[in-house]
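Colleague: Go by the hints and put chain B onto chain A.
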Amino acid sequence: MSWLDTTLLVLEIVLGVIAWAHVRRDRSHWPLALYLSWMALESPLRDIDRLARTGPSTGYAGLALAAFHLDKLIVFSWTFGFVALCVWYFLRRSAWPVFVLGAVVWLMALPHPFMTGERLAHYYAFVFTAGVVLSWLTIVWVVLFRSGSVEPTLAHWVLLTYACLDFVCTLAPFLELAFLAEWERLRVATIVVTSGAISAHVYWGHFRCSEVQSNGG
Amino acid sequence: MTFLHSLLLAAFALGAATSIFWMWRMRWAAERRVSEQSFLVEIGRNADDLAHDLSHLVGLIQLNLFVADVGDPQQQREILEDLKESSTMLYSMFRELRGRRVSDRAVATPERSLRTLAQLVERTGVVVALRVEASLAHGGAPLTFLRLIENLILNAAREATLAGESRVDVFMNESRLEVGNRLRDEPHPREAVVASSPGREGSPGRGLAIARASARAMGHVLSHHVDEDYLVFVVARESSGPLALQGRSPIA
Chain A
1 MSWLDTTLLV
11 LEIVLGVIAW
21 AHVRRDRSHW
31 PLALYLSWMA
41 LESPLRDIDR
51 LARTGPSTGY
61 AGLALAAFHL
71 DKLIVFSWTF
81 GFVALCVWYF
91 LRRSAWPVFV
101 LGAVVWLMAL
111 PHPFMTGERL
121 AHYYAFVFTA
131 GVVLSWLTIV
141 WVVLFRSGSV
151 EPTLAHWVLL
161 TYACLDFVCT
171 LAPFLELAFL
181 AEWERLRVAT
191 IVVTSGAISA
201 HVYWGHFRCS
211 EVQSNGG
Chain B
218 MTFLHSLLLA
228 AFALGAATSI
238 FWMWRMRWAA
248 ERRVSEQSFL
258 VEIGRNADDL
268 AHDLSHLVGL
278 IQLNLFVADV
288 GDPQQQREIL
298 EDLKESSTML
308 YSMFRELRGR
318 RVSDRAVATP
328 ERSLRTLAQL
338 VERTGVVVAL
348 RVEASLAHGG
358 APLTFLRLIE
368 NLILNAAREA
378 TLAGESRVDV
388 FMNESRLEVG
398 NRLRDEPHPR
408 EAVVASSPGR
418 EGSPGRGLAI
428 ARASARAMGH
438 VLSHHVDEDY
448 LVFVVARESS
458 GPLALQGRSP
468 IA
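Quick note, the sequences are listed as chains A and B, same order. Position 127 of the first sequence, counting from 1, maps to 127 under this note's numbering, and the rest follow consecutively. All you need for this note's numbering is the position in the second sequence, starting with 1, plus 217.
Pulled out of the complex, with its shape left as it was, chain A reads as follows:
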């Protein structure tokens, strides 16, 4: 594991812990805290998952194939978990249809060895782009047309930040931003954004505490 990976993992764990601490102040924060904890957990989980797989993906069978399918589920959970959070926090709607859609998309990725190699990579890219479009549709709808219906909270800011990062990543191939194709480099941006989310949690917690104290006094 490179130092960038280690740094990102540590920051994600810290963010997860701080997010759960914030749940004590704001109960509505728990879905985001759960998602952030899952984000911290998925990297080591994928590393363990990879141990069960060796050789080209077209030749997987038995346990290796099951681990391969599990890996796909983890990858899709990033996108559908994020869209579900946008639906929950911005639209104030139940997120179960998003999870049903995610399950359908995962089932469509199961045919083996059809869904391997470049075809699977394209499928991932398509699902990621669709997820970015869906999440931005919910954000734009609420921010522009229903701005008074939902109180903007810390969870919304964190989601907006990751949505902005995802948006640029989606546009990158079209803007010929070749550096974004390098995951190693992109991780630096993720580290900075994760640090920003940690700072926002600390600042928001302090700000809210001061607000309560001034009201109470």
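Everything labelled a hint here was simulated from the structure, so no lab data went into it. Keep in mind that this is a model prediction, so the values were computed, not measured. Hints are not guaranteed to be accurate.
[To be verified] Label pairs and their computed distance ranges (CB to CB):
| hint | chain 1 | residue 1 | chain 2 | residue 2 | range |
| --- | --- | --- | --- | --- | --- |
| 1 | A | L34 | B | Q254 | 55 to 63 angstroms |
| 2 | B | R250 | A | P44 | 42 to 50 angstroms |
| 3 | B | R249 | A | L51 | 46 to 54 angstroms |
| 4 | B | D265 | A | F99 | 47 to 55 angstroms |
| 5 | A | F99 | B | V438 | 43 to 51 angstroms |
| 6 | A | W20 | B | A247 | 27 to 35 angstroms |
Glycine included, every Cβ here is placed at the ideal spot set by N, Cα and C.
Modeller: For chain B alone, coordinates are given in the frame of chain A:
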């Protein structure tokens, strides 16, 4: 250079998200302020309406006390009984509004409220011809019903007195309440007598606006019918149907 690109990308994400969030929060705060102000205006209007109704009711009680001053002992006892009855009911209505328990003895049924109010109004020199078949069924609070009949009967009494015929006809059964009175002769604009206007203090408009709102709160509709020089206000679930007071001569 690539690290610099990544840092710029992260800065863009943080800056863009913060800008959108800040813009949204400002709009949210502005909309919340507007909503709170409308709420405060509504509270102010309700308080003003309640003050209007209470001042009329207190005025009515005061008139009754003045009458008691000059009345014989028998009349004084009757007035005292009526005032005890009305104050007990009024107190129970406010207790109920505040979610407090009210004893069965103090519960103000529509019939009880109507009879008590009619007696209080009668001592001001206006004849209230009351015909009660049953209590009006409604989904509102007793205080809402009291505010409705108070405004309808006092407006009717005022108009009837101005018309030279101090008599108000009242009919009530399970489904409807009717209040009738004679109208002034032309050229007095008759539309003014039945026009609701929340801003017209000292005119029937304000009381009628309150009566209309009270009827709505009870799940009913307030409508009016004019037959030559006789006006009837009807409180019922539907505005149609034959009038019980139709054809009654307002002349005693």
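Colleague: Would you mind marking each hint as holding or not holding in the structure?
Modeller: Do the hints match the structure? See the list:
1. A/L34 / B/Q254: 55 to 63 angstroms: Distance hint for A/L34, B/Q254 is violated at roughly 38 angstroms.
2. B/R250 / A/P44: 42 to 50 angstroms: For B/R250 and A/P44 the Cβ distance comes to about 48 angstroms; the hint holds.
3. B/R249 / A/L51: 46 to 54 angstroms: Holds, at about 53 angstroms.
4. B/D265 / A/F99: 47 to 55 angstroms: The hint (47 to 55 angstroms, Cβ to Cβ) holds, given that B/D265 and A/F99 are roughly 52 angstroms apart.
5. A/F99 / B/V438: 43 to 51 angstroms: holds (48 angstroms)
6. A/W20 / B/A247: 27 to 35 angstroms: holds (33 angstroms)
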